[in-house]
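**Q** Each chain, written out:
2 protein chains.
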Amino acid sequence: MQGNMMDVQLTVPTILERIRTQYAGREVVSLLVAGRDEQGNPVPHKHRTTYGQVADRARRLAGGLLGLGLTKGDRVATLAVNSFRHLEAYLGVPSAGLVLHTVNIRLHPEQIAWILNHAEDRVLLIENVFAAMIPAIKAACPHLEHILVLGPTPQPIPLPGVRDYDTFVQESEALTRYPDLDERDAAAMCYTSGTTGNPKGVVYTHRSTVLHSLASAPKDGLNVGEADTVLPIVPMFHVNAWGLPYTCAMYGAKQVYAGVFADGRSVATLLQDEAVTITAGVPTIWMGLLAELDRAAQAGQPYVLGGLERLIVGGSAAPEAMIRAFQTRHGLSLLQAWGMTETHPLGTASGVPYGVDASSDEAFTLRAKQGRTVPLIELDLLDDQGQRLPHDGKTMGRLIIRGPWVASSYFKGEGQSNFFDLDGQGWFDTGDIATLDERGYMHIQDRAKDLIKSGGEWISSVDLENAIMAHPAVNLCAVIAMDDPKWDERPLAVVTPKPGQSVTHDELISFIAPRFAKWWLPDATVLTDSIPIGATGKILKRELRDQYRSYSSTQGLVTPAAPDRSE
Amino acid sequence: MQGNMMDVQLTVPTILERIRTQYAGREVVSLLVAGRDEQGNPVPHKHRTTYGQVADRARRLAGGLLGLGLTKGDRVATLAVNSFRHLEAYLGVPSAGLVLHTVNIRLHPEQIAWILNHAEDRVLLIENVFAAMIPAIKAACPHLEHILVLGPTPQPIPLPGVRDYDTFVQESEALTRYPDLDERDAAAMCYTSGTTGNPKGVVYTHRSTVLHSLASAPKDGLNVGEADTVLPIVPMFHVNAWGLPYTCAMYGAKQVYAGVFADGRSVATLLQDEAVTITAGVPTIWMGLLAELDRAAQAGQPYVLGGLERLIVGGSAAPEAMIRAFQTRHGLSLLQAWGMTETHPLGTASGVPYGVDASSDEAFTLRAKQGRTVPLIELDLLDDQGQRLPHDGKTMGRLIIRGPWVASSYFKGEGQSNFFDLDGQGWFDTGDIATLDERGYMHIQDRAKDLIKSGGEWISSVDLENAIMAHPAVNLCAVIAMDDPKWDERPLAVVTPKPGQSVTHDELISFIAPRFAKWWLPDATVLTDSIPIGATGKILKRELRDQYRSYSSTQGLVTPAAPDRSE
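Those sequence lines, one after another, are chains L and Z.
Residue numbering for the first sequence follows UniProt numbering, starting at 1 and increasing by one per position.
Residue numbering for the second sequence follows UniProt numbering, starting at 1 and increasing by one per position.
I should point out that these hints are in silico values taken from the structure, not numbers from a laboratory.
We put the beta carbon where it would ideally sit given N, CA and C, even for glycine.
Treat the hints with care, since some could be wrong.
[What the hints assert, rightly or not] Only part of the chain Z face toward chain L is listed, based on derived beta-carbon distances under 8 Å:
no.	residue
1	Lys219
2	Pro353
3	Val356
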C-alpha cells in the first residue's frame, strides 16, 4: 500500500526560494581583496549584501547560464574563495539544472586542468586573484567555452569567452521558473583529494544536498537557525564547505566569508566584529586561532567572543589537547565532526551525550572521537574477511558507511572497488580503521594504508600522533611504519618541534607511555623542520613513508630495546 | 545527468535503530492509570522505561504482528492514550511494513466503528481504560481479527482474538531484519475530524514521516536534541502527536507522556518533576496550565519551570493575549505552529524574526500569526477565480499548500476537489482564508466556510474572536454569521463569560473597536453557558450557525445601529 503524500522533489531551488521569500533582509558579509600592501600581502575590504540580493543575482546567473546555451546536467566549474559570489553560484547553478563543480584552488595547475577536462566543464567561474591562470587554463582546456571572472580586475582580460561575472549577472534575465528537476539529478560535484591515483569525482544530487542540510541543522549537529551568524572557514571549493552555505540559507542564518584571510588574527577579528555564533574549519585553522587568542589574552586585550557557541572542527582529527585548550583557556566549545568528500561530508558529530558531565575527563575523551551518526547515516566495521565486527569500543575494523548522501560510485564509474554490497545493501568503504562503541561513538584509528602492522597486530598512528602532539614542545607529528625484520613494521615518530624548542625521543615516550601498551610506543623519533602537507591540509604520509621506510631504530636519536609485548 | 548518491530509502526503521544503537539509555516516562479514587477519578502511576527497552519491545511487536499473518500494507489501529506502549506501536508497526492507524478516542463509538471498517483494520491496539468498548467494537467490525489490550485489566477478557498486549510482546520474536521498504510505502494513517461529511483518511508515507521529523527538529521549529525532555500533550491519536514521538526518537530526546492526565495541575506537576524542556498542546491545554500557574503563584508556591524553553501551541490559533500572559506573568515562551491532518501536520511556526525586539508589540503580533513555513513547504493565496494573490500582509485569499509531507489525495480517492493542479504542480486547498506578508508570515483569517461575507466584503471571525477573548471577563467566544436582509451576513458574537462574571455587548464592542474597521464589529452578542466543542477540541461553528442563523440584531442584548461602512 502506497501512501498518498505529494511527490514534491527535494531540490536546491527550494533553498533559493526560502532566502528570497523569508530571509531577504538577512546579511551576507565577505572579506574581499581590495589590493596589496607594500609586502604584497592582500588587504581586506568588507563587502555586505543581503540574501534578497544574493537570490536575485543567483536567479540572474541561472538565467544567464541557460542563455549561453547550457543544458541540463552541464558542468559549471568554480575556482573561487569563500564569498557572496561563490554563494550565488552555489544556489544559481543547480537551480538552472546545471552542475556546480567546485575545484580545489590549492591544487597544482596541471591537476586543475586535468580535473576541468575530466569533468568536461563548459563554464568556469574564476576568482579575480587567480586571473593570471586564465591563459594557461584556456590553453589546456579547449572545451571551456566561457570564463567568468569573479570580482574586478585591474584591466579587462582581452581573451575570447572571458568576461566579468558581475556584468554578466547584471545583464542577464532572472530565471523565475525553474526547470523540472528530479531529486536524483546532479546538483554539484567535487573531486577527492586523490592521495592515491587520480582524483575521482563525487556527484551530489539535489536530494542529497537537501537531506544533508535538513539532517545537519539540528541542535546536536550544526545547530543553525535564523538568529545565527555563521563563518565557514572551511573552503567552499571543498565538499560544499561542509554544506554550510546551503544549510545556513535553508534556515536563514547570516553568513560571513573570510575569502583569502584565514590567519588567526583575521579570523579572530571577523568572529568578534560580526558577532559570529558558529564557525567551521580544519584543525590547522583553529591552531592559528588558538595562538592568536592566547596572544591577545596575554597582552591583556582579549577578543570578545561571548556569542560564539560552537567551533566545528573536521577534515582531520582535532586532538583532545586542542579541545581542552579552547574550553579551559577561552571558554569556547569545539565540536568535532567527521566526513569525507564521498559523504557530503557530514557523517558524525561528537557532542557530549546526555548523562555525562561536560567538565569530566570522559566528556573530553568522547569529544576527541569522531562521534555519533547524524540521522539516516549507518556505520559498521568489517574485518579483513568482510565479516562484521562488534561495537565494543575496542575492536578495530574497516569503517564502512551508508546513507542517502553517501556516494554509490565515482563519476564515470571509476574506483568501483570502494563500493560493495553487504546483505543486499550498498556500502562505501571509507578506507579508515575505526572502533564503534555501545553508544555509537566512532573513533578513527587510522587510514587503513597508514595503520602500522606490528607482529600481526594493529597500531593506530592517529592515537600516537594525538598523544605526542599534546606535548608542549611539539608542533606537528606524524607516526608512520618503518620496516622491521622481526615485527614486519614498527612505529616511527616524525616530529616538528615548536619554534625555538626541542625534545628527545625519551621525553616523548615517557610523556605518552601511561596511555599505551608498551609495544605501541614508537621505536624512534625523527626531528625535522617540516612535514609535507597536501592540498586539503592533510599530512602526506606516503611521502614520509617513502623517505623513512628503511629507517632503522638503530640510526635514530635513541636506540630503545626491542619492543616488549608483555602487555 | 544523474548524481551518484546511494538510493537509501527514508524509512521509520532508521528511527527505531537510532534509539536502539545510540540512545538506548534515554528515558520514556508515562503516567498510567493505577486505579480510581472514591469519586471515580483516575489515579496516576508513573511508569519509567528506556529507549533500549522500547526498541526491543517495538521489534517484538513487529515480529509478533507478522507472526499473526499480517502482510505489507495491512492496517493496525490504535485506540490509545499517550504512553510508552503507543510509542512502541509508532515504531514497531511501520517497521514491520504495516500501517499504524491512530483512531481518535474522543469520537462517538459509531464513528469509531465506521472508521475501523473504512480503513479495514485487521488488528486493534486498545487502551485498557476503553476495554468496555471491546464487545461493541467486535460486533460492529467483523473483519477485526485481533485485539491487543494495552495495560492490565482487572480480569482477562474472555473473547476470541482478544489478548494482553504485554504478554503478546513478551512472547513474540523480535524482528531483526526489516522488510524491504520503499519510502513511498504507507507508514501511518489518520482520519480528518470530518466536520463536513464523513471523515477522510490521510495516509502518511515513510518518506513523509522521516522528512517531517528532519525538517521540524531545528532551532526555529521544535528545537529538539538529545538533552531535551519533551512532553507531547497533543494526543498520539491525532496527526502523530505532531510528529513528536518520531522527532524525539530520531534525535534522542527523553519523552514524557501524560496519558489521561491533561488538566492544568497534572501538567504543571509533570513539567516540574520531569524537568521538561519542550511541550506541545492545543490552546485549551495551555489555558488550563495558565490558570494553574497563576493559582500557584498567587498562593506563593509557584512551580519551578526554569528549564522549560518552549510551549508549542497548535490545533487552533493561540490568542495574542495568551502568549503575552505566559511571557509576562511566567517568563514562558509559547511558539505558535500551524498545520492540518493533511499536512502531517507541521506547515509553519511563528518565531520572532531576526531584527525584531522580542519584547516589542511587533514581536507579539507576529507570534500570534501562524508563522513562516518550515523548509520544503510552500504556501500561496488564491482568489475565487483561482488567481494568485499578492503577499502583502493585507490581501485575504484561499490558502493553498504543497510539500513532500502534504496529502495528494485521501484514502480510497475521496474528496478529490481539495486537490488540484496549478501551473503543473499539485496543491492542497486548506479551506482556510489567510494573508501572507513580505517576510512569509502567514495569518489565518478564517475557515472559508466560517468567513462572514458582509456587503460583498470578508470579515474574519477568528480575528474578532481573538480580540474578544482578550477581554478579562470572557472565557470563550465564537463569532458567526447571522443572516441579514441588507448585507447578506453580519457578525454575531457568542460568548461564555468567566465563572461569576458578566459583560455587555457595548463593553465588548468598545473594548475591541480600536482594532477594527467599524463595519467589522459584531452587531450583537449572545451570552451563553456553553459553546459546543468537537472531538478534536475545535468549536463546532456549524451547530452555532444552525442555532443562530436567523438571529436578528433586534433581538439581541442591544440593538446597535445599522453598520457604518464609512471606514
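**Q** If a hint holds in the structure, say so; if it does not, say that too.
**A** Against the structure, the hints:
Among the interface hints, the one on Z/Lys219 holds; its C-beta lies about 3 Å from the nearest C-beta in chain L, closer than the 8 Å criterion. Given the 8 Å rule on beta carbons, the hint for Z/Pro353 holds: about 7 Å separates it from the nearest Cβ of chain L. Look at Z/Val356: its Cβ only gets to about 11 Å from chain L, farther than 8 Å, so that hint breaks.
Of the numbered hints listed earlier, the single one contradicted by the structure is hint 3.
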